[in-house]
Amino acid sequence: MANWLKKLMRSQLVIPLFALLLLIIFNLIRDVGFFSLNITTNNDGNTVLSGNIISILNSASELAVLSIGMTLVTASSKGQDISVGAVAAIAGSVFVRVLKEHTINWPIILLGFICACLAAILCGAFNGTLVSVFKIQPMIATLILLTAGRPIAYWINGGATPTVESPLLSKIGSFIPGIPIPTPIIIVVVFAILVSLVLRFTNLGLYTQAVGINEKSARLNGINAIGMKMLSFMMLGICVAIAGCIGVSRMGLINHETLLLDIEMDAILAVAIGGNALSGGKFSIAGSVIGAYIIQALTITLYAMKVPSTAVKAYKAIVIIAIVVLGSPVVQSYLLKLRGRLFQKSNKEAGAQAYGD
Amino acid sequence: MPNDIALSMRNISKSFPGVRALHNVDFTLYKGEIHALMGENGAGKSTLIKVLTGVHPKDSGQITIDGSTKEVNIKSPQDAQNSGISTVYQEITLCPNLTVAENMYIGRGNYQFVHWKKMREQTTELLEKLSIPARATQQLATCSLAVQQMVAIARAVDMDCKVLILDEPTSSLDEREVEKLFSLMRELKSRGVGIIFITHFLEQVYEVCDRITVLRNGELVGAYDVKDLPRVQLISKMMGKELDDISHMHNTGTQAARANSVPVFEAIGLSSTAATKAFDFKIDQGEVNGFTGLLGSGRSECVRAIFGADKATGGKVFVNGKPAKIAKPKDAMKLGIGYLPEDRKQDGIVDDLSVRENIILALQVLRGFFRPFSRAEAEKFTDEYIKLLGIKTASTDTPIRSLSGGNQQKAILARWLLTKPQYLILDEPTRGIDVGTKVEIQKLVLKLAEEGVSVTFISSEIEEMLRTCSRLIVMRDREIIGELTQNDMTQAKIMRTIAGEAAQNG
Numbered sequence: 001m002a003n004w005l006k007k008l009m010r011s012q013l014v015i016p017l018f019a020l021l022l023l024i025i026f027n028l029i030r031d032v033g034f035f036s037l038n039i040t041t042n043n044d045g046n047t048v049l050s051g052n053i054i055s056i057l058n059s060a061s062e063l064a065v066l067s068i069g070m071t072l073v074t075a076s077s078k079g080q081d082i083s084v085g086a087v088a089a090i091a092g093s094v095f096v097r098v099l100k101e102h103t104i105n106w107p108i109i110l111l112g113f114i115c116a117c118l119a120a121i122l123c124g125a126f127n128g129t130l131v132s133v134f135k136i137q138p139m140i141a142t143l144i145l146l147t148a149g150r151p152i153a154y155w156i157n158g159g160a161t162p163t164v165e166s167p168l169l170s171k172i173g174s175f176i177p178g179i180p181i182p183t184p185i186i187i188v189v190v191f192a193i194l195v196s197l198v199l200r201f202t203n204l205g206l207y208t209q210a211v212g213i214n215e216k217s218a219r220l221n222g223i224n225a226i227g228m229k230m231l232s233f234m235m236l237g238i239c240v241a242i243a244g245c246i247g248v249s250r251m252g253l254i255n256h257e258t259l260l261l262d263i264e265m266d267a268i269l270a271v272a273i274g275g276n277a278l279s280g281g282k283f284s285i286a287g288s289v290i291g292a293y294i295i296q297a298l299t300i301t302l303y304a305m306k307v308p309s310t311a312v313k314a315y316k317a318i319v320i321i322a323i324v325v326l327g328s329p330v331v332q333s334y335l336l337k338l339r340g341r342l343f344q345k346s347n348k349e350a351g352a353q354a355y356g357d
Numbered sequence: 358m359p360n361d362i363a364l365s366m367r368n369i370s371k372s373f374p375g376v377r378a379l380h381n382v383d384f385t386l387y388k389g390e391i392h393a394l395m396g397e398n399g400a401g402k403s404t405l406i407k408v409l410t411g412v413h414p415k416d417s418g419q420i421t422i423d424g425s426t427k428e429v430n431i432k433s434p435q436d437a438q439n440s441g442i443s444t445v446y447q448e449i450t451l452c453p454n455l456t457v458a459e460n461m462y463i464g465r466g467n468y469q470f471v472h473w474k475k476m477r478e479q480t481t482e483l484l485e486k487l488s489i490p491a492r493a494t495q496q497l498a499t500c501s502l503a504v505q506q507m508v509a510i511a512r513a514v515d516m517d518c519k520v521l522i523l524d525e526p527t528s529s530l531d532e533r534e535v536e537k538l539f540s541l542m543r544e545l546k547s548r549g550v551g552i553i554f555i556t557h558f559l560e561q562v563y564e565v566c567d568r569i570t571v572l573r574n575g576e577l578v579g580a581y582d583v584k585d586l587p588r589v590q591l592i593s594k595m596m597g598k599e600l601d602d603i604s605h606m607h608n609t610g611t612q613a614a615r616a617n618s619v620p621v622f623e624a625i626g627l628s629s630t631a632a633t634k635a636f637d638f639k640i641d642q643g644e645v646n647g648f649t650g651l652l653g654s655g656r657s658e659c660v661r662a663i664f665g666a667d668k669a670t671g672g673k674v675f676v677n678g679k680p681a682k683i684a685k686p687k688d689a690m691k692l693g694i695g696y697l698p699e700d701r702k703q704d705g706i707v708d709d710l711s712v713r714e715n716i717i718l719a720l721q722v723l724r725g726f727f728r729p730f731s732r733a734e735a736e737k738f739t740d741e742y743i744k745l746l747g748i749k750t751a752s753t754d755t756p757i758r759s760l761s762g763g764n765q766q767k768a769i770l771a772r773w774l775l776t777k778p779q780y781l782i783l784d785e786p787t788r789g790i791d792v793g794t795k796v797e798i799q800k801l802v803l804k805l806a807e808e809g810v811s812v813t814f815i816s817s818e819i820e821e822m823l824r825t826c827s828r829l830i831v832m833r834d835r836e837i838i839g840e841l842t843q844n845d846m847t848q849a850k851i852m853r854t855i856a857g858e859a860a861q862n863g
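Residue numbers (this note's numbering), protein chains in the order written: chain C, 1 to 357; chain X, 358 to 863.
Pulled out of the complex, with its shape left as it was, chain X reads as follows:
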């Protein structure tokens, strides 16, 4: 039924220097369907969307719209919009200080004159048609986030869009708001709009979507009807592991927890401003444990709460059995906790400063404002860790931003090792770095554990977690849903736990 096709992408390839982001990916969207685009972090979802919306030019492949055979050439987001492809991003990109009507019409049509009355009337009509609970003259900032999101969608729809891309629209909404958004999506679906829905929440995919396309490592895994793809299978397709393969993938580097009755760190009912459910957590001396779950499941938020990176809103914390208070990162540092953040560029490196300054930063802060290290001391520390971790840098004076990702990560690791922590949190320490360095970092984690350092390890790559951790805490939708130890630690178990009740239905 070629007439039902809203969008067709064929053999799309896209490479960035050194990375093949997309390789011969096909994607078909029918009119009046909600189509989930799924894949783990780095699978190529966002690259595909960026190619479609003209942010990145494609290297090869064809895009056709509306069932026609004529190829469309999308060079810029403006082109995409003119071709009827609209995107609503996770972050709302409207102007909160303008009214709803102004936001609907800003940057469209006749630029010389504004017909205020007509604009208001048309807006009101559209809001009613889509049953969005907002008034045309209301200032956007006074609407709830969900309504703002809906206004953004209404604006996109009003611009005669055939393809609507929703990129993580639900991540900042609560349950009721999500429900409202879904009814709007269903309404649009019944009007024949093709919707591409990107989300990390599995439940939502099964609630609202008709079909699923799964990408992995820049390649198409397949497109499936939702009813044909139970949750466990979806997860296994996203991770790239068939369920049958998993039986022999047993954990090889299990670390038995030391016979120390007092945990190095223990939290009871800890919650933070980052909106995870309150959780209990503990780690023994020399133990390596990990938070696992899909991206966005709240694993980073948990460790941020432990380190005080997000303000704690409740709960008790004990360090070596003694009650402690962690209100800010420095408190945690003083208690011997180190934290390598997930986002190296945003939270880790101080890019204009030298490798030396970046490495000594945490220890320097611990030592105090009035006691700077001499140049010689700093050089000594830096040289030691450059050698220990094999950091490739022209000199200790080189700005850290000119190092490769792996070497930057090693420098940040050096920063925390230098503080001689008793408990080290590593959030995605191996993301975006080459295989050799990944293995080095895993070995280092095991070595640290032997020396008695407790480590919490987070990685999107399950194999890494299985190799390094002796206990896995499984998360889904910002909640801890299970804990796996020893023989339970298999990919199959992890997937089943993440999929939860669904495993029984599927």
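Bound-form chain C, shown alone:
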């Protein structure tokens, strides 16, 4: 085996990449043209790309962004934030509220986005305080905003589901003239690059993992464990604001009851499918993003197979059980043993790893 292949086999990305590959192969066998791209002209007269790949990438945008933040929260706090959907409704409502009260132009959209970010970061700080300072389990702490978030959004909206008609907004929600790729995909790519730059040029990754693995030891090495947990929740807040604003821009309205409904479960799932332990510690953001696209690809595949939309979730559940069980420690250690038996000759190097006492 080539060296890079060996490295890949040991990395946590094996399972998600393998699952994605299976999904692609399955679709190609079922329908050779499943992944074909078409160039069409849309209602606004723009030349755009369309096809299943584009719709998978496009509709998974919110989930992909959320899964990035959820990974950080999971890694540092050993728990998950289940309030992301509800907080997205708050952020989206703030966004719409700002747009409604001004004539819409780019600076106002930026202002609206910043306000949405602030609202979501505030919610993140609230969750983060409960989790890090008061040591409440993340799922319980975030249950508060899960319950209260959408009613708060309702209040911000003044009890209605206001629409915002603006060609500028649809540029965010669908296409920018001249660019054939949907804008949400571009936003995800830009955001993912930003996050990887942050991880590259700060110690966010090292500190977060250290806190998630051994909080006591992290503290004795001078890391502010409470601060790191807070930070991860606030960064998730930014992700939530981005997801909320994309959601609003797509539809041109805010419906606080349905905006990104149930997305928290998919976001947590994306983290798990990405091979990240939900009990915190080491993480791979790439894994979670792949996980998000797997979930969306699965949904689109099921729709393409004419599975009734009410039954989609049940089918999804079956596939997800398979992926999660495949990635579980029990199966993994069994597979390792199996591999050891198959490649007995290469066992020497496996032995070299075991310096255990």
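Just so you know, the hints here were simulated from the structure itself, not pulled from any lab data.
Think of the CB as a built atom: it goes at the ideal place given N, C-alpha and C, for glycine as much as any other residue.
There's no promise every hint is true.
Partial chain C-side listing against chain X, Cβ under 10 angstroms, derived [stated by the list, open to error]:
{"#": "1", "residue": "ASN3"}
{"#": "2", "residue": "GLY205"}
{"#": "3", "residue": "SER217"}
Using the hints provided, position chain X relative to the given structure of chain C.
For chain X alone, kept in the frame of chain C given last:
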């Protein structure tokens, strides 16, 4: 008098991979006696208890109960309980959110129905009988720790126990509460219960116990009546050094303190949340000093207070003569202080991270959140210290948890050496690692001191301290009780100081 025997263990042996934890240990407990099980850290006390309570299966040996000759086979804690052996641990294992009565009866008897009234009545009766100041309907969390401890004991006793094991029951209690606990123990004793009492507090052993069994390195040293074993002798038996042997064991590696009038670190009246008595402490440049005392005497708590690991509650701190404030570990790190914690697994390593990440962690934190080391820089540092300390690892990418204990310890040591500290605190750096590495670490400490680094060294092994330290601070019961330098630094002196006034009576 075979009928008086509550428990008898014969020739108990137990090995773990690579370690012989118990070797042919005998232990006899009579009815109606309080029996102290003594020994230093790693002597095999807890292994013996775990064998007795079925947590670990024994490799060989017999256990008999109640003076009968029939061997009992204890495979699980449940078996032990059914045989009349109950344990109350240091950490209270009851449910604080339930009432006293519920805690007494949870998990016992008829599982389908609960007779609430009967349960309350029986609980009240038992509480009165043992004069425990609690009501049956009171929520357990509202009781003091001592009372919670007593309820745990009452629960154990009510389950018809013949042997009661108390594992460090007094470590979180204050003096008055300890007194209450002791009167309960005496009450139980008069009812014929055999009590095994494990504690690090010598005073308590002499206050309440009838006999003492001493273990050392997994072997039985002997069983003695309390009145026949003065404190100094008990300590010498626990440490494995006869008093006569000690005269020639003089300190060989004395480091004279440098002629620097300003101490590198000085604390006056320092106290922390970990409940040690406020203490004064100072260390000069290039000096190696140490805290000594039995385990639990508060030596770790002292250095934790210095490093800011436990929040300081009072006192002044000076670094190089200037007033300083150490509120958290990072403050101490910025002042050039490093701290290798006592518990490597819990406080030291970050087990899933690589050797490289573990080694650079402290220096990285000092450098700052926004200035991560490049991979090449980190590799360079790591390679340097892997070579310097001879850390055996497959690669710098290997997770630290797959290294052996000694190599993990070296990696943590590397972490702090990399920060180039002016003052390094090493709390039990040699615990649980092989002899070769121990010697290496001691040599390293002396070398550091020659280079001008001040070191505070803590070890359960007195010889190590004598070899490396030029000044010893002696602790007992969370209080500094003496300081030994130069010619005073002998095992005999240390033992006498730890034993305190008792040395005169014994």
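Quick rundown of the hints versus the structure:
Proximity of ASN3/C to chain X is violated relative to the hint, the smallest CB-CB distance being about 13 angstroms (cut-off 10 angstroms). With a least beta-carbon distance of about 9 angstroms to chain X, the hint placing GLY205/C at the interface is held under the 10 angstroms criterion. At about 5 angstroms, the closest approach between the beta carbon of SER217/C and any beta carbon in chain X falls short of 10 angstroms, and the interface hint on this residue holds.
Of the numbered hints listed earlier, the single one contradicted by the structure is hint 1.
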